Amino acid sequence: MTGLLFAPTRVMFFTGKGGVGKTSLACATAVALADQGRQVLLVSTDPASNLDEVLNTRLSSDPLEVPGAPGLFALNIDPDAAARAYRERVVGPYRSLLPASAIDRMEEQLSGACTVEIAAFDQFTALLADAGTSSRFDHVIFDTAPTGHTLRLLKLPAAWTGFVDTNTSGSSCLGPLAGLQAKVEVYRRSLAALADATVTTLVLVARPDRAALAEAARTSRELSDVGITNQHLVVNGVFSAKDRGDAFACALEARGGEALRELPAPLPALARTDMPLYPFAPVGIEGLRRVMSRDVTPSTSVTEAAAVEGLQSLASLIDPIERTGRGVILTMGKGGVGKTTMAAAIAVELASRGHDVLLSTTDPAAHVADAIGASVPHLRVARIDPAAETRAYSEEVLAGAGHGLDARGRELLEEDLRSPCTEEIAVFRAFARTVSEGERGFVVLDTAPTGHTLLLLDAAEAYHREVARTQGAVPESVRQLLPRLRDPEFTKVLIVTLPEATPVHEAAQLQADLRRAGIEPFAWVVNQSFAAVPSRDPVLRERGMRELPYLQEVSAELATRVARVPWSAEPPIGQTELRRFVRGEATEALAWP
Numbered sequence: 047m048t049g050l051l052f053a054p055t056r057v058m059f060f061t062g063k064g065g066v067g068k069t070s071l072a073c074a075t076a077v078a079l080a081d082q083g084r085q086v087l088l089v090s091t092d093p094a095s096n097l098d099e100v101l102n103t104r105l106s107s108d109p110l111e112v113p114g115a116p117g118l119f120a121l122n123i124d125p126d127a128a129a130r131a132y133r134e135r136v137v138g139p140y141r142s143l144l145p146a147s148a149i150d151r152m153e154e155q156l157s158g159a160c161t162v163e164i165a166a167f168d169q170f171t172a173l174l175a176d177a178g179t180s181s182r183f184d185h186v187i188f189d190t191a192p193t194g195h196t197l198r199l200l201k202l203p204a205a206w207t208g209f210v211d212t213n214t215s216g217s218s219c220l221g222p223l224a225g226l227q228a229k230v231e232v233y234r235r236s237l238a239a240l241a242d243a244t245v246t247t248l249v250l251v252a253r254p255d256r257a258a259l260a261e262a263a264r265t266s267r268e269l270s271d272v273g274i275t276n277q278h279l280v281v282n283g284v285f286s287a288k289d290r291g292d293a294f295a296c297a298l299e300a301r302g303g304e305a306l307r308e309l310p311a312p313l314p315a316l317a318r319t320d321m322p323l324y325p326f327a328p329v330g331i332e333g334l335r336r337v338m339s340r341d342v343t344p345s346t347s348v349t350e351a352a353a354v355e356g357l358q359s360l361a362s363l364i365d366p367i368e369r370t371g372r373g374v375i376l377t378m379g380k381g382g383v384g385k386t387t388m389a390a391a392i393a394v395e396l397a398s399r400g401h402d403v404l405l406s407t408t409d410p411a412a413h414v415a416d417a418i419g420a421s422v423p424h425l426r427v428a429r430i431d432p433a434a435e436t437r438a439y440s441e442e443v444l445a446g447a448g449h450g451l452d453a454r455g456r457e458l459l460e461e462d463l464r465s466p467c468t469e470e471i472a473v474f475r476a477f478a479r480t481v482s483e484g485e486r487g488f489v490v491l492d493t494a495p496t497g498h499t500l501l502l503l504d505a506a507e508a509y510h511r512e513v514a515r516t517q518g519a520v521p522e523s524v525r526q527l528l529p530r531l532r533d534p535e536f537t538k539v540l541i542v543t544l545p546e547a548t549p550v551h552e553a554a555q556l557q558a559d560l561r562r563a564g565i566e567p568f569a570w571v572v573n574q575s576f577a578a579v580p581s582r583d584p585v586l587r588e589r590g591m592r593e594l595p596y597l598q599e600v601s602a603e604l605a606t607r608v609a610r611v612p613w614s615a616e617p618p619i620g621q622t623e624l625r626r627f628v629r630g631e632a633t634e635a636l637a638w639p
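Each number in my numbering corresponds to the 1-based position in the sequence shown with 46 added.
Read the hints as simulated data drawn from the structure, not as lab findings.
Model, not experiment: these values are computed from the prediction.
Treat each hint with caution, since some may be false.
[To be verified] Simulated DEER-style distance windows between Cβ atoms: (1) A317 <-> D365: 46 to 52 Å; (2) A433 <-> L143: 37 to 43 Å; (3) E308 <-> D431: 26 to 32 Å; (4) A311 <-> S147: 53 to 59 Å; (5) R582 <-> E332: 40 to 46 Å.
C-beta: ideal position from N, C-alpha, C; glycine also.
Let's have the full structure, built from the sequences with the hints guiding it.
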């Protein structure tokens, strides 16, 4: 990434659609700068961070020097730990002044997802705008969360500054505003740093495919609108076939080349760096140094891949799902593992068998409608739109709790509804309502990346309290949500992952979290497997060989049902291709000549 390293700014953000390689590239850049003698701080703001695994170093919320890379320090912003510290800062001064019941109410009010967000943001802004915190570092590099979360995080300075400036009630969904007022100046300085091109570079990371590039373009436009204009595009995983007689390798190269020739605006105007598809997983300091040297030489001789028992096609999961005739199917996992394609394929297959199916998403970066293409009989496609749901919820609260209030009371209620917490409540209510439709047919939910999804599922109790505070009633769909999600006959959770270390281990953590919530996953789907495709290309063959330990781990240790889906040289778009994808036929047309 020569362009980035030629004149790097002090602050660099790596952002993009989930699974495009943000963490690997942020780590590789940080190592390269440290190798040049710079003092570098690498920070993850992702609630599902995997910095530890990529750096082979156990990190904490304090900067720790990374072994093997002198001058490089790294930390994870732990949202849960930050939220606990934030709650204590807000509540602590009142413990000796107020009765226990009042303290309990304050702690309940501070238990929602919004508190987690603002608490993590407190640490983020301290690193970005507080010179005393990071003055000893020449560069601060942020490995940010998937795009939807990142946009929300970066927009919080303006949102919270405005909310603090206009709030007159002295309280919010985050408790006494004293907890926010002390941070206003830091928030304002962070805004200035984000917009200063001599200080901050936004690195948009994408893969050479249309969906990832479209997401990068959307991110570019939205961040330009809030003043972050110093942007650099990195296209990661650009592949060149070595054997022109290898149909699969040539098709993969052609697909990427076509996407790069048709870059959506404003990407063609940005400085751009292309990075190759590597045969290895960039883990550990030496692996990250190989990334910066663009070394794609296979490191091992590749033999025929050994068989892994217990792996089936995606079609093997449809019959047991169909048997109940109704219910909810959730595709869950790390961003970029293919949840949207899985959800679309399952929905199309069930609809083709004559079932009424609702395909919906809670993902703020949704592309589910694009995957379906033209309309399909028996299939409805919908999206939980946060803006629309927030408007509807606010209007409902004003019509209910706001009825009969005097002008001052209504003004205070409207002010409370302008807080960012309202969107969390509205989206959660819509999620519960959508799940309830599984009583009348099939609902397939393409969920958001892991961190957001778990916040959504964990929000039940906080939601109950907040609705009771503003509205006094809890919808039946919300009361029934957790029982429905815990019912294995009603809800089928498919954990989608890739045959690589970080996605598999993160999926294992997701499974553990779900089990603690009383939700047992139905099956795992290992997507985009090179081990299952007919290619002679040395890069693709080595990638396939390196998958085998993770395929075995999933099959033998983690899942009771496993489906493996081969890497598809062409994206499965439309009803016919999605059904071929389910049956595992998408790769067969590219068999060796």
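Each hint, compared with the structure:
no.: 1; hint: A317 <-> D365: 46 to 52 Å; result: holds (51 Å)
no.: 2; hint: A433 <-> L143: 37 to 43 Å; result: holds (40 Å)
no.: 3; hint: E308 <-> D431: 26 to 32 Å; result: holds (27 Å)
no.: 4; hint: A311 <-> S147: 53 to 59 Å; result: holds (57 Å)
no.: 5; hint: R582 <-> E332: 40 to 46 Å; result: violated (28 Å)
In this structure, only the earlier hint numbered 5 is contradicted, and the remaining ones agree with it.
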